[in-house]
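Participant: Top to bottom, those sequences are chains A and B.
My numbering puts the first residue of the first sequence at 1, with every later residue one more than the last.
My numbering puts the first residue of the second sequence at 414, with every later residue one more than the last.
Source of the hints: derived by calculation from the structure; they are not laboratory data.
Possibly wrong hints are sitting among the right ones.
[Stated by the list, open to error] BS3-like cross-link-like pairs, simulated, lysine-lysine; straight-line CA separation at most 30 Å:
id	chain 1	residue 1	chain 2	residue 2
1	B	528	B	436
2	A	310	B	528
3	B	811	B	701
4	A	288	B	629
5	B	629	A	216
6	B	436	A	216
7	B	629	A	115
8	A	288	A	60
9	A	60	B	723
10	A	216	A	288
11	B	473	B	459
12	B	473	B	811
13	A	288	B	436
14	A	288	A	310
15	A	288	B	723
[Stated by the list, open to error] Facing chain A, according to a computed beta carbon distance under 7 Å, are these residues of chain B, among others:
id	residue
16	497
17	498
18	684
19	690
20	719
Heads up, the beta-carbon is just placed ideally off N, CA and C, and yes, glycines get one too.
Listed below are the residues making up each chain.
Number of protein chains: 2
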Amino acid sequence: MLVSIDDHVVEPADMFEGHVPDKWRDQAPRVELVDGVEVWQYQEVKNGASGLNAVVTWPKEEWGLNPTAFAEMRPGAYDVQERLRDMSRNGVLASMCFPGFAGFAGSFFNSASDKDISTVMVSAYNDWHVDDFCATAPGRFIPMGLLPVWDPQAAAAEVARLAAKGCRSVTLPELPHVMDLPSYHVLDYWAPLFDAICDHDVVTNMHIGQGFFAIKGPPEAGIDNLMILATQVSAFSAQDLLWGGAFQRWPGLKVAFSEGGIGWISFYLDRCDRHYRNQTWIGHDFGKLPSEVFREHCLACFVTDPTALKVRHDIGMDIIAWECDYPHSDSIWPDAPESIYREMTAAGCTDGEMDQITWANMARFYDYDPFAVIPREQATVGALRAQAGDVDTSIRSKAEWRALAEAKAAAGA
Amino acid sequence: MLVSIDDHVVEPADMFEGHVPDKWRDQAPRVELVDGVEVWQYQEVKNGASGLNAVVTWPKEEWGLNPTAFAEMRPGAYDVQERLRDMSRNGVLASMCFPGFAGFAGSFFNSASDKDISTVMVSAYNDWHVDDFCATAPGRFIPMGLLPVWDPQAAAAEVARLAAKGCRSVTLPELPHVMDLPSYHVLDYWAPLFDAICDHDVVTNMHIGQGFFAIKGPPEAGIDNLMILATQVSAFSAQDLLWGGAFQRWPGLKVAFSEGGIGWISFYLDRCDRHYRNQTWIGHDFGKLPSEVFREHCLACFVTDPTALKVRHDIGMDIIAWECDYPHSDSIWPDAPESIYREMTAAGCTDGEMDQITWANMARFYDYDPFAVIPREQATVGALRAQAGDVDTSIRSKAEWRALAEAKAAAGA
Chain A
1 MLVSIDDHVV EPADMFEGHV PDKWRDQAPR VELVDGVEVW QYQEVKNGAS GLNAVVTWPK
61 EEWGLNPTAF AEMRPGAYDV QERLRDMSRN GVLASMCFPG FAGFAGSFFN SASDKDISTV
121 MVSAYNDWHV DDFCATAPGR FIPMGLLPVW DPQAAAAEVA RLAAKGCRSV TLPELPHVMD
181 LPSYHVLDYW APLFDAICDH DVVTNMHIGQ GFFAIKGPPE AGIDNLMILA TQVSAFSAQD
241 LLWGGAFQRW PGLKVAFSEG GIGWISFYLD RCDRHYRNQT WIGHDFGKLP SEVFREHCLA
301 CFVTDPTALK VRHDIGMDII AWECDYPHSD SIWPDAPESI YREMTAAGCT DGEMDQITWA
361 NMARFYDYDP FAVIPREQAT VGALRAQAGD VDTSIRSKAE WRALAEAKAA AGA
Chain B
414 MLVSIDDHVV EPADMFEGHV PDKWRDQAPR VELVDGVEVW QYQEVKNGAS GLNAVVTWPK
474 EEWGLNPTAF AEMRPGAYDV QERLRDMSRN GVLASMCFPG FAGFAGSFFN SASDKDISTV
534 MVSAYNDWHV DDFCATAPGR FIPMGLLPVW DPQAAAAEVA RLAAKGCRSV TLPELPHVMD
594 LPSYHVLDYW APLFDAICDH DVVTNMHIGQ GFFAIKGPPE AGIDNLMILA TQVSAFSAQD
654 LLWGGAFQRW PGLKVAFSEG GIGWISFYLD RCDRHYRNQT WIGHDFGKLP SEVFREHCLA
714 CFVTDPTALK VRHDIGMDII AWECDYPHSD SIWPDAPESI YREMTAAGCT DGEMDQITWA
774 NMARFYDYDP FAVIPREQAT VGALRAQAGD VDTSIRSKAE WRALAEAKAA AGA
């Protein structure tokens, strides 16, 4: 049984159709061809690649970070029916998908100058995500909403609106001060939103990447620095939430750290506990250890983290979850089940612990019943794979994908 | 047996006397009283506290970060004879001391505008450190030099000069780009220095703190963010050295990460290895895994890191060392032996592993024989403590320390 709480959708070009009120229809983001590259355009904002990072089944020499076109991607990146087949081939029952062009925490909309229109577009985005994308296959997706983070009252209203649709998971910036919003130390700014999040029992998700530019790296550093060190930012995010007082003020606040791995947690919590016990002159009073506060409020997921699994009890056996990261380059596809099983076995996990990691912890944390729609015996890796025996897993170049897409289009026309 | 590779000296006010050539004698840093606070002054640079962080045996409510006066500190901070007694009381055979006012990597001298004079002062500093401070008690200190990092040729010459005195350990900035020097990706800048370091079999030490301002934290964050997250910067430093090519170009380069703990290492190395195997399109070719490169070149030390000790074999049993951090607030004094023994026992360390961690790994890495001067039977925690039974370990306020210092001065006068 595998449920992934961090995958990525590549939004199809027609996603806003039918979701934007007439008045603003002309102002929705649209995909245009710029110098031969498909680009999302919106107000003065552009995001240079509809398929950024959608490298699954590309040959490695083509990975890079170049923008591309929908036709060059494996269709599972942007086509929900193909996505479902790819999930089944990888044994994944259900998936929670972060945005693509819109930014992991909606930074695309935050970058635009007319924020009132952005608030409208965020709702349109969510309607597409919940009512179209996720609704295609009940039981296969955990819907997650974007929020108008520039307006905490509007964000609170959006949380309520999403909850009414059954969407009780939202993505927020891991380090809002990096996108020129007040940090998580400024609790009064976030209060209307965090109130609503707690009132509706919503999980907030902090995905790595947005906050990376809090690290002033050497100008000469290669892409390795971003790819390897981005996970360090989860600790910065936890730090602001834990020591800034949010968890004291909102006992019901639940935070999932996405794609940061789990290996940072015990080191960070050991240091927090020592700090709390040792630096008493600062005057914090949590009524318990910081590590206990963290474990009451947080959960983290990983793709691969072999050493960290050995200290899973020090991290907290209840706060570890799994993710696939499809279709990004960190993803393991189509052999994620074999990979995670091998890693958990090497670390000595029991069957019960494997269940906790691969689905049960997320189910508890997100208050999500993975078997509500699909019975348990049809939800296993084996059962899902049996339905997807015909999924082609060959490596194909961008050019080959494009030729295939053109041939399909011609056949369909 | 305990050897600490990260402690701190609080330089006494008369340290430059007898070490600065006549021509520049008037220009040496000096301690002056500014608004009732003792401050080091040099060119246009000031460092606001001669005793910054020298909190050992202060009551916790006085820790803070306020500048103070020599008289308010426990004398072991700045008086080498008292330091030796405090080391013995804590069972510490030998200690490697980073600077105080001069900055962990000599940033005080780098901040001054006349760098030629700074180069002179760095040599004067080193002469004091090696010939006075460390020479007071042969076998009790591992000398470590500062370098004129703004001038790699001069730094190379200083390495040779230090090596001729028997000092084969130097401190360098963990992130030089944060002090406006070229980063460790700019290998040609560092080449003369790294050549000299390898020629003389010198260990470079990267202490946390200097690079902390590479992290753009929230303006509202308290001192907790600095104190807890500064250890994250060791991974940034390792990243630049490992992926910037320094370890390939200088197979003999040895780097010790100081005060960053050891809990970051396995998480970081797991991610590096995965990146190396997975992102082959980037084209790195180390001829081995990044984790293997790291273990050939690096060592790290910790004060307390209970969970990390459980995965010591994944970190690398040969690259873990211990530190005391006296007289800073992270230090455990006078019960460091009990603390580290308890932690290693809880992690299941064997006697041989305990020896590796507490002295043998550092001895190999620094090519240092801890028993060259002091026979092994006199070097144990028990033997050292037996000599220091009269050391007063009471907690005393700044005012009490000041009264005590004044009484001593009056008695001596």
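Participant: Next, verify each hint and record whether it holds.
Facilitator: Going down the list of hints, with the structure as the test:
For the hint pairing residue 528/B with residue 436/B, the CA-to-CA distance comes to about 15 Å; that is within 30 Å, so the pair holds. Taking the CA atoms of residue 310/A and residue 528/B, the gap is about 50 Å. The hint is violated against a cut of 30 Å. Between residue 811/B and residue 701/B, the direct Cα distance comes to roughly 54 Å. Violation of the 30 Å bound is thereby established for this hinted pair. Proposed proximity of residue 288/A and residue 629/B is supported: the alpha carbons are some 29 Å apart, at most 30 Å.
Pair hint residue 629/B plus residue 216/A holds up; C-alpha atoms about 7 Å apart against a cutoff of 30 Å. Distance check on the hinted pair: residue 436/B and residue 216/A sit about 40 Å apart at the alpha-carbon level, beyond 30 Å; violated. A threshold of 30 Å between alpha carbons decides the hint, and for residue 629/B with residue 115/A the separation of about 26 Å falls inside it, so the pair holds. Between residue 288/A and residue 60/A, the direct Cα distance comes to roughly 48 Å. Violation of the 30 Å bound is thereby established for this hinted pair.
Between residue 60/A and residue 723/B the alpha-carbon distance is near 36 Å, which puts this suggested pair outside the 30 Å criterion. Between residue 216/A and residue 288/A the CA atoms are separated by roughly 34 Å; this puts the pair beyond 30 Å, and the hint is violated. For the proposed pair residue 473/B and residue 459/B, the alpha carbon gap of about 27 Å is at most 30 Å, so the pair holds. Among the hinted pairs, residue 473/B with residue 811/B is consistent with the structure: their alpha-carbon atoms are about 11 Å apart, no more than 30 Å.
Only pairs whose Cα atoms come within 30 Å are accepted, and residue 288/A paired with residue 436/B is rejected, the gap being roughly 60 Å. Proposed proximity of residue 288/A and residue 310/A is supported: the alpha carbons are some 25 Å apart, at most 30 Å. For the given pair, residue 288/A sits about 24 Å from residue 723/B by alpha-carbon distance, which is consistent with the 30 Å threshold. Given the 7 Å rule on beta carbons, the hint for residue 497/B is violated: about 25 Å separates it from the nearest Cβ of chain A.
Interface hint at residue 498/B: violated, since its Cβ lies 24 Å from the closest Cβ of chain A, which is beyond the 7 Å cut-off. Contact between residue 684/B and chain A, as hinted, is supported at the beta carbon level, the nearest pair being about 5 Å apart and thus within 7 Å. The restraint placing residue 690/B at the interface with chain A is violated, with a minimum CB-CB distance near 10 Å, outside the 7 Å limit. This hint holds: residue 719/B has a C-beta 6 Å from the nearest C-beta of chain A, less than the 7 Å allowed.
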